[in-house]
Amino acid sequence: MEPEFFLELIRRHLPLLIDRAEYSDENLSIGGREWSFNSTSPWRILAGKRLHVGSYEDDSYAPAAKLVGRQIVRVEAQGSRGSMDPSFELDDGSVLEVFSCHFLEPWILRLPDEPIVVASPSAEEGAA
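Read left to right, the sequence shown gives residues -16 to 111 (this note's numbering).
If you're looking for bench data, these hints aren't it; they were derived computationally from the structure.
Each hint should be verified, as a subset may be incorrect.
What the hints assert, rightly or not - Simulated crosslink set (EDC-like; lysine to aspartate or glutamate; CA at most 20 Å straight-line):
(1) Lys32 to Glu80
(2) Lys49 to Glu97
(3) Lys49 to Asp75
(4) Lys32 to Asp2
(5) Lys32 to Glu72
(6) Lys49 to Asp2
(7) Lys49 to Glu(-15)
(8) Lys32 to Asp8
(9) Lys49 to Glu80
(10) Lys49 to Glu72
(11) Lys32 to Glu5
(12) Lys49 to Asp74
(13) Lys49 to Glu5
Unchecked claim - Across the chosen pairs, the derived CB separations fall in these ranges:
(14) Leu0 to Tyr44: 15 to 25 Å
(15) Leu(-3) to Gly31: 15 to 25 Å
(16) Ala48 to Arg93: 19 to 29 Å
(17) Val51 to Arg(-6): 21 to 31 Å
(18) Asp96 to Tyr39: 31 to 41 Å
(19) Gln54 to Gly31: 12 to 22 Å
(20) Asp96 to Glu(-13): 18 to 28 Å
(21) Gly62 to Ile91: 17 to 27 Å
The model shown is predicted, which means the values in this text are computed figures rather than measured ones.
Backbone N, C-alpha and C fix where the C-beta goes; we use that ideal spot for every residue, glycine too.
Based on the provided sequences and hints, a complete structural model is requested.
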């Protein structure tokens, strides 16, 4: 799957309200009504150009929970080399970025009435 196709799948459903968010055992799980995003990859939340929190911080579970009630209003691909890693802009201007560092299913996205998107950085297309 090409990055632009993946981005358009998400954009059709924006804004996405985050009803639940949890970070536990190196798994970030966010979702809402009929959608979910799960990732075992490193992530960070930026507030403006400043790092607010990263997944390797001891208390990263607390800021992840604060995503509840926010809306994803924009999505872009990370990097300039056709990356399938998402960058989610939230309604408060903060940005949730995800960084694949493993070749096996670093993140999975489910949207209503769409195919399940599974990142596969080792595949030529980047996702299936």
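Hint-by-hint comparison with the structure:
1. Lys32 to Glu80: Cα-Cα ~12 Å, so holds.
2. Lys49 to Glu97: With Cα atoms ~27 Å apart, Lys49 and Glu97 exceed 20 Å; violated.
3. Lys49 to Asp75: With a Cα-Cα distance of about 12 Å, the restraint between Lys49 and Asp75 holds, given a limit of 20 Å.
4. Lys32 to Asp2: Given that 20 Å is the threshold and the Cα spacing comes to 26 Å, the pair is violated.
5. Lys32 to Glu72: holds (13 Å)
6. Lys49 to Asp2: Holds, because 10 Å separates the two Cα atoms, which is no more than 20 Å.
7. Lys49 to Glu(-15): violated (31 Å)
8. Lys32 to Asp8: violated (27 Å)
9. Lys49 to Glu80: holds (15 Å)
10. Lys49 to Glu72: Holds, at about 15 Å.
11. Lys32 to Glu5: violated (24 Å)
12. Lys49 to Asp74: Distance ~13 Å between Lys49 and Asp74 Cα, so the pair holds.
13. Lys49 to Glu5: holds (9 Å)
14. Leu0 to Tyr44: 15 to 25 Å: For Tyr44 against Leu0, whose Cβ atoms are near 21 Å apart, the range 15 to 25 Å holds.
15. Leu(-3) to Gly31: 15 to 25 Å: holds (21 Å)
16. Ala48 to Arg93: 19 to 29 Å: Check passed, 21 Å falls within 19 to 29 Å.
17. Val51 to Arg(-6): 21 to 31 Å: Given about 22 Å between the Cβ atoms, the range holds.
18. Asp96 to Tyr39: 31 to 41 Å: holds (35 Å)
19. Gln54 to Gly31: 12 to 22 Å: Roughly 18 Å apart at Cβ, these two residues keep to the hinted range, so it holds.
20. Asp96 to Glu(-13): 18 to 28 Å: holds (20 Å)
21. Gly62 to Ile91: 17 to 27 Å: holds (20 Å)
The structure does not agree with the numbered hints 2, 4, 7, 8 and 11 stated previously, though it agrees with the rest.
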